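Enquirer: Residues per chain, in single letters:
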Amino acid sequence: MTNSSMFWRIVRRLLTANYGRLFVILLALGAGAAVTSALLNLQIDAKKRLTSEFRALGANVIVAPRSANSVTDGASGPTLDESLLSQLPAQYEAHPVPAVAFLYVVSDAAKSGDDHFAPVVIAGTEGQGLAAIRPGRRTQYLEAFEHESDACEIGVKAAQQFHVRAGDALQLRNQGREATCKIFAVVSTGGAEDSQIFANLKNAQNLANLPGRISLIQLSVTGTPTAVNSFISSLRQNLPEVDVHGIKQFTEAEGRLYNRISGLLSATVLLVLVLTSLCVMAGMSNVAIERKNDVGLMKAIGASVQRVVHLFRTEAIVLGILGGLVGSALGLLISIWLGKTVFGVAAEPRLIVYPISVALTVITSIASAFPLRRLASVRPASVFRGEE
Amino acid sequence: MFLRLVADSFTRRPRRKILSMAALALGMAVATAALSVSLDIGDRLAQEFRSLGANLLATPQVDSLPLEIGGVDYRPANAGAYLPQADLGKLKTIFWRHNIMAFSPVLDVPVLMNVNRSDAGGSSQRVQLLGTWVNHELKLPDGDTYATGIERTNPWWQLKEGRWFNENASANEPEVLVGEKLAQRLGISPASKLYLFEKPISEAIRPVTVVGILTSGGSEDEVIVAPLSLAQAFANQPGMYRRLYVSALTKPEDAFSRRDPKTMTPAEYDRWYCSPYTSSIALQISEVLKGTDVRVIRRVAEGEGNVLSRVRTLLWLVTFAALLASALAVGASAAASVIERRSEIGLMKALGANSGLVGVLLASEQLLLAIVGGGIGYAVGIVLARAVGERIFGFTPEPKLFVLLVILALAALITLLGSAWPLRRASRYDPAPILRGE
Numbered sequence: 001m002t003n004s005s006m007f008w009r010i011v012r013r014l015l016t017a018n019y020g021r022l023f024v025i026l027l028a029l030g031a032g033a034a035v036t037s038a039l040l041n042l043q044i045d046a047k048k049r050l051t052s053e054f055r056a057l058g059a060n061v062i063v064a065p066r067s068a069n070s071v072t073d074g075a076s077g078p079t080l081d082e083s084l085l086s087q088l089p090a091q092y093e094a095h096p097v098p099a100v101a102f103l104y105v106v107s108d109a110a111k112s113g114d115d116h117f118a119p120v121v122i123a124g125t126e127g128q129g130l131a132a133i134r135p136g137r138r139t140q141y142l143e144a145f146e147h148e149s150d151a152c153e154i155g156v157k158a159a160q161q162f163h164v165r166a167g168d169a170l171q172l173r174n175q176g177r178e179a180t181c182k183i184f185a186v187v188s189t190g191g192a193e194d195s196q197i198f199a200n201l202k203n204a205q206n207l208a209n210l211p212g213r214i215s216l217i218q219l220s221v222t223g224t225p226t227a228v229n230s231f232i233s234s235l236r237q238n239l240p241e242v243d244v245h246g247i248k249q250f251t252e253a254e255g256r257l258y259n260r261i262s263g264l265l266s267a268t269v270l271l272v273l274v275l276t277s278l279c280v281m282a283g284m285s286n287v288a289i290e291r292k293n294d295v296g297l298m299k300a301i302g303a304s305v306q307r308v309v310h311l312f313r314t315e316a317i318v319l320g321i322l323g324g325l326v327g328s329a330l331g332l333l334i335s336i337w338l339g340k341t342v343f344g345v346a347a348e349p350r351l352i353v354y355p356i357s358v359a360l361t362v363i364t365s366i367a368s369a370f371p372l373r374r375l376a377s378v379r380p381a382s383v384f385r386g387e388e
Numbered sequence: 001m002f003l004r005l006v007a008d009s010f011t012r013r014p015r016r017k018i019l020s021m022a023a024l025a026l027g028m029a030v031a032t033a034a035l036s037v038s039l040d041i042g043d044r045l046a047q048e049f050r051s052l053g054a055n056l057l058a059t060p061q062v063d064s065l066p067l068e069i070g071g072v073d074y075r076p077a078n079a080g081a082y083l084p085q086a087d088l089g090k091l092k093t094i095f096w097r098h099n100i101m102a103f104s105p106v107l108d109v110p111v112l113m114n115v116n117r118s119d120a121g122g123s124s125q126r127v128q129l130l131g132t133w134v135n136h137e138l139k140l141p142d143g144d145t146y147a148t149g150i151e152r153t154n155p156w157w158q159l160k161e162g163r164w165f166n167e168n169a170s171a172n173e174p175e176v177l178v179g180e181k182l183a184q185r186l187g188i189s190p191a192s193k194l195y196l197f198e199k200p201i202s203e204a205i206r207p208v209t210v211v212g213i214l215t216s217g218g219s220e221d222e223v224i225v226a227p228l229s230l231a232q233a234f235a236n237q238p239g240m241y242r243r244l245y246v247s248a249l250t251k252p253e254d255a256f257s258r259r260d261p262k263t264m265t266p267a268e269y270d271r272w273y274c275s276p277y278t279s280s281i282a283l284q285i286s287e288v289l290k291g292t293d294v295r296v297i298r299r300v301a302e303g304e305g306n307v308l309s310r311v312r313t314l315l316w317l318v319t320f321a322a323l324l325a326s327a328l329a330v331g332a333s334a335a336a337s338v339i340e341r342r343s344e345i346g347l348m349k350a351l352g353a354n355s356g357l358v359g360v361l362l363a364s365e366q367l368l369l370a371i372v373g374g375g376i377g378y379a380v381g382i383v384l385a386r387a388v389g390e391r392i393f394g395f396t397p398e399p400k401l402f403v404l405l406v407i408l409a410l411a412a413l414i415t416l417l418g419s420a421w422p423l424r425r426a427s428r429y430d431p432a433p434i435l436r437g438e
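Protein chains in written order, with our numbering: chain L, 1 to 388; chain R, 1 to 438.
It should be emphasised that the hints constitute simulated quantities derived from the structure, not laboratory data. Remember, it's a predicted structure, so these values are computed and weren't measured experimentally.
Quick list of in silico lysine-lysine cross-link-like pairs, DSS-like style, CA-CA up to 27 Å:
#, chain 1, residue 1, chain 2, residue 2
1, R, Lys251, L, Lys48
2, R, Lys92, R, Lys139
3, L, Lys299, R, Lys17
In silico contact screen, one side only, chain R against chain L (beta carbon under 7 Å); selected entries:
#, residue
4, Leu19
5, Ala23
6, Leu26
7, Val37
8, Ser51
9, Gly53
10, Val296
11, Ile297
12, Glu302
13, Arg310
14, Ala332
15, Ala336
16, Leu384
17, Ile392
Note that CB positions come from ideal geometry on N, CA and C, so glycine has one too.
Bound conformation, chain R alone:
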C-alpha cells in the first residue's frame, strides 16, 4: 500500500515531479561541476606553473662565489668546485621522484671564438659557452631511461631559427646554439661554422656547427649554448657540472612547511618529509646528491604558492556558493510541493494516517526524487566539468566515485531539509477545515 501510494504520486502528476526533478538535477549538476573542477583542475594548474621554470637550484656546498649575473656564471674554469654528473640518475629515486618534472645540469666556461676562420689569431671574440643537456637520455639506477634537459626546465628558451642541437652528433664537430643577440651582432646563422679555443695562442681549436638561434629574453641571448660534454672539454672537467636546475611539482608552502624541520617532533617530521613541499624535496635531493647545497628559488616558489593557494581558495568558494544556491532553490521547490499538498495530507489524516506515516510517505517520495535527480545531475555535471577542463587545459578530469556519493548525500539532505519545515507544519493541520477547503 505504501509503495503504491508513492508510485501513484509519481504517475498521477508526472509534470510536477519532472519539474522538481529538473530543479534537483540542475542544482546537483552545478554542485558536481564545481566540485570536479576544484578537485581536479587545481592539481592540473600546479603543472601549468612549471612553465615558470625551475624552482630548485643545486650548487656545490663548498665553492668559491659564483660571479653570476642574470643566469650566466662568469667565473673562469679553474675557480670553484664541480659536481659529478654520474649522480644525477639518483634524482629519480627520491621519495617524491614522480614530482621531479625535469632537471638540467649547467656548466659555463669562457671561450674565444672566430666565425668562419679556422686559426686562433685575428679578431677573436670572447664569449661565454653554456654547456647543458637537451633532450638527454639518462640511464636511471633501476635500468629505465629518462629524457630531460634545458628545454623542459626553462620552457621560455625558444628557437628563433633552426633546431635544438643533437648531443650525439659527431665528436669532431659538435652542434651548438647561438644566442639571438650574439648571432645578430656577428652575423651568425644556422649552418655557420664557429671555431672555439681556450687561449689566444692555442693549437686546440674546435670547430662547431651552429644548428639554431636561441631566444630567451635574458643573458643567454649573448652566449653559445652547447652540449654539456663540450663545455666539460673546455673546462677540462670531464663528467662534471656546476649548477643544477630542478623543476618539481610542489605543494604551496603553508604555516607548517615554514617551520624549521629541526624543531619538529618525529611524527611532524615524517609528515613534512612525506609532503611535496619545496623545502622537503630540496632536502631529499641534497640527500642523494652528496656535497650539494639545494636552495629554493624563492621568487618562483613563492609566486607559484601565492597564486595557486589563492586560486584554490577561490574555486572552493565558488563551489560553496554554487552548493548553497542550488540547495536553497531545490529546498524551496521541495517545500513548495509539500505546501501545495495540504488537502492530500488532510485526506490521509482523515482516513486515519498519523503524522509520522504521512511524514515517512512524503520523505520517501522526496528521497526517491533526490536519488534519481542527483544521479542525472551528476552525469550532466561531469559532462560540463569535462567541457571546461578540455577547453581550458586540454585535459579531461576523471569522474570520481567520491563526488557521486557526496552529490547523492547532498541531494537527499537538501530535499529532506527543504520538506521538513512544511511537513512539521502539515502535521499540525486539523484535517476537517482543510477538507472543507477553508
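So that you can see chain L by itself, here it is in the shape it has in the complex:
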C-alpha cells in the first residue's frame, strides 16, 4: 500500500474529527460487547451453579445390595459390608461427593425412665455430609453432645411421640440387646426421616447384631445429568457385586429440569446476542451512511472507491477493537457481580469469553460498515451541490 503514513493519518482524522460521534459509536459497540461477554460468561457459570443448586434435593445415587434370593423381611433385608464406604470416590469433577452409609433397624425405644416402649426405625449412619444427603432443618440443636459416642438425632415426629427434646436420653431395645442414646438434635425434613432416629453406625450395628454391615449407602453427586450417569456407570464397573442406581425421583426430574433450564438460558442468551448485534449493526450503519460528504471529498481529490472502502473498513476495525476490548472487560466484571447477586458466589471469569466477545464486536463493526459499499456510486459533484 503506498503512502501508508498518509493512510493512517486519514484514519486518525476520521476517528477524532467528531468526538461526539466517536463517543456515540464506542458507547454502542462497547455496550454490545459488554452484554455479549457478560451473558456468555454468566451462562457458562450459571449452568455449573445450577447443578449445585439441585443438591438441595439431597441424595441422588444409592449403593444397595443386589437383591439376593433372601426374603426382604421388613426393615433389615440383605446387607453390605461397611468397608464399601471407603471405596467410594470422595470427589467427582472437583466437587466433593457426600456419602453416608445407613443401617436400618426396627427396634423398641422409650424415653429414659419410661416403660412405654414403642417400635421405631433406627438409622445408623456413618460418613461425611449427612446434612447434604438428608436435607432438613434442625429445630433443636445442642452442639456439646454431638460428638459423644452415643449421640443421636431424632426426627420431629418421633420426638413428639416419645416426648423428648434435645438433651434427653432414649433407651433402645432389640431382641434382648440394649443401648441408650443421647439426643443432640431434633430434625425436620417432612419425609420418612421425621419418624426415624439417627444414631452412630456402630451402635445400630450392635443393636441389630450385624457388626460391620450396612443396608445401603446414599450419595449426593453434583453434575450435569450426563455427568451423574457416567458417575453411576463407572461406579458400577468398580463395584460389580453391588447394585448402584440413581434415585429416579431426583435423577429424572433433575435431568429434565436441567435440560429445560439450560435450553431456556441458551436460547434466551443466543436470541439476545443475535438481536443485540443486529441492533448495534443497524445503528452503526446509520452512522456510517451519514458520511457522504467525506466520501465525496475523497473521491473529488482522486481516491479510488477501493481505497475509500479500505479506509472506512480500517476505521471500523479500530473502533471494533477499541469498543470490544473495553466493553468485554467491563462485561466480565459485570458478570462476576451478577453471579454474586444470583448465586451468592462470584462467577468465575473465563478467559476464553474475552477473545470471543472482542472478535464478535469487531465482526459486528465491520459488518456495519458494509453499507458504505453503496457509497461507490456517490457522485462528488452532486454531493457538493447539496443535491442528495
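Knowing the structure of chain L, use the given hints to seat chain R on it.
Expert: Coordinates of chain R only, in the frame set by chain L:
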C-alpha cells in the same frame, strides 16, 4: 407546515429512516422476547418442577410412629391411625384448589403371597402391599369429577411392562402391579396369577392378576402396588388410608413466608394465606382434612424453591441486560442522526425557528419512529419468544398487552433520551458558521 416538515424528512431520506427504524425494531424485539420469556416461562417452569413429585405429605395427627423406610411403611395393619378417604374431595375446595395438581392416598399392609399356587401353605412369601389410586375418578363436592392418582404425584413411577391396573376390574380378581425387583426374583410377569392372604393358615385367599411391572428406583420395586380398596380389605379398614401425597404448584419460599404465621398482623396473615406458599397451602389442606398433620416435604420444596428463584433472577438479569444494550444502541443511532443534521438545524434557525421549535420537530420525528419501530419490534419479539417457548416447553406464551405498552414507552423514552443530548448541543449552534460549512 410542521407536519409537512416531519413527513418530508421521512420521504426524502427513506434509507436513513429505515435503518434507524431497524435498529429500534431489533432493540425492541430483544426487549419483548426477553420480557415475555421472563414473564411467562417462569410460571411454566414451576409446573415442570412437579416432576419432582409431591411436595406435601398428610398423615394422621394422632398416630403411632410409622416404620417407614424409603417410601414403604412396614407397620402392621392393626397399629396406628387411619384417615377417611371420603374427605379427599374437599381438597379441591380450598382457596388454592387450582394449584393442587394431583394427590394420592396410600395404605401399606404386609401380606403373604404365593405365585401360581392357590393354597395358603408351602413357600409363601412375605411382601408389602401398597394400596393407592391410579387414574381414580373422584366425585367433588360441587358435582364435578376429578381424575388423580399415583402416576401423577410420582411421575417417576414407570411401567416396565404391561399397563396400569384398572381400579374397577372385577372384584373377585383385582388387578395389581408388581415391583421390578420382586418380579425378577420370583419370575412374575404380566398375566401371572398371585394368591394373597393375611395369615399362614387362612381361608380368605384372594387371587389377583398381575397386569404390569413397575419400576421406580426405590423401595417400591420390592412391593405389590394394588388398588386402594384391596389394601383396605386386607387391613380391614374400608374407606381408610394412612398417608396422602399432594403435589401442589407453589411460590418459592421467601423471608416473609418463613415467618411464623402466629406472629403476623391480620393484614399480613391474609396476605400469607392468600399467597400460594407451600406452608399456606399446607394449612389450608389441614383445615379441610380434619385430624391430619400436613407437612412440607422439605427436600422437594426447598430444592424447587432454590432453583426456581435463581432461574427467575437470572432471566430477569438477562432481560435487563438486553434492555440496556438495545437502549444504548438505539440511543446511539438516534444521537447520530441528530448530529449529522447540523446543517439542517442551522438552516431552520437561520430562517427564524427558535431552538424549542427545532427540538419539538426533531423529537416528534423520533417519537413517530419509536412508535412504528417499537410496534414492529414487539411483533418480531413475540414471534421469537413463542419459538423459544415452543421449542423448550412445547407451549406458546400468550402475547400480553402490558408488554406492548412497556415496549412502546421504552422505545419513546430511549429515542428521546438518545437525541436529547445532541439536541441540546444543537440548540447552542450559531447558524452562520454551520451554513458556511465551518
